[in-house]
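Make a model of the complete structure from these sequences and hints.
Taking this note's numbering, I'd label the letters of the sequence shown as residues 22 to 125.
FYI, nobody ran anything at the bench for these hints, they're computed from the structure. Ideal Cβ positions, reconstructed from N, Cα and C, are used throughout, including at glycine. Worth double-checking, as some hints may not be accurate.
[What the hints assert, rightly or not] Ranges of calculated distance between the beta carbons of each label pair, as one might list FRET restraints: (1) Arg53 to Gly98: 29 to 37 Å; (2) Glu96 to Glu50: 25 to 33 Å; (3) Leu93 to Leu48: 29 to 37 Å; (4) Arg53 to Glu92: 15 to 23 Å; (5) Val97 to Asn60: 27 to 35 Å; (6) Glu92 to Ser47: 15 to 23 Å; (7) Gly62 to Glu96: 25 to 33 Å.
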Amino acid sequence: MRTFGDSNPGPYTFSQAILYGAQSSSLDELFRAIQEAKNQGVYVALSIDGVKKSGADHCELNIPQGLFEQELFVEVGRSMLRRFQMGRKTLEAEHVKYRLLLTY
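Right, dumping it as structure tokens:
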């Protein structure tokens, strides 16, 4: 069985990176591993930062051209991190969309 080698947990590259240890991971290394898997016929689905602050902040990522066949945005509601940080305040401006990238 093949794996993604030394992949580390840490799904967020933007606001929550420090909470999950993503600051020690490399997005470029992840993309290289996905390319290698794709070259071997493996279908890969990657959920990663997409849109936050109700669309005002589009998380720009340097995604290699042609690596993914589809890019979808999934509405997931209000930011859980901001909900924790803001206590009882309203979160109307804190809607989040995850980016789903598919190699197929």
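To see whether the hints hold, each was checked on the structure:
no., hint, verdict
1, Arg53 to Gly98: 29 to 37 Å, "holds, 32 Å"
2, Glu96 to Glu50: 25 to 33 Å, "holds, 29 Å"
3, Leu93 to Leu48: 29 to 37 Å, "violated, 19 Å"
4, Arg53 to Glu92: 15 to 23 Å, "holds, 19 Å"
5, Val97 to Asn60: 27 to 35 Å, "holds, 31 Å"
6, Glu92 to Ser47: 15 to 23 Å, "holds, 21 Å"
7, Gly62 to Glu96: 25 to 33 Å, "holds, 31 Å"
The structure fails to meet hint 3 from the earlier list, while all remaining hints are met.
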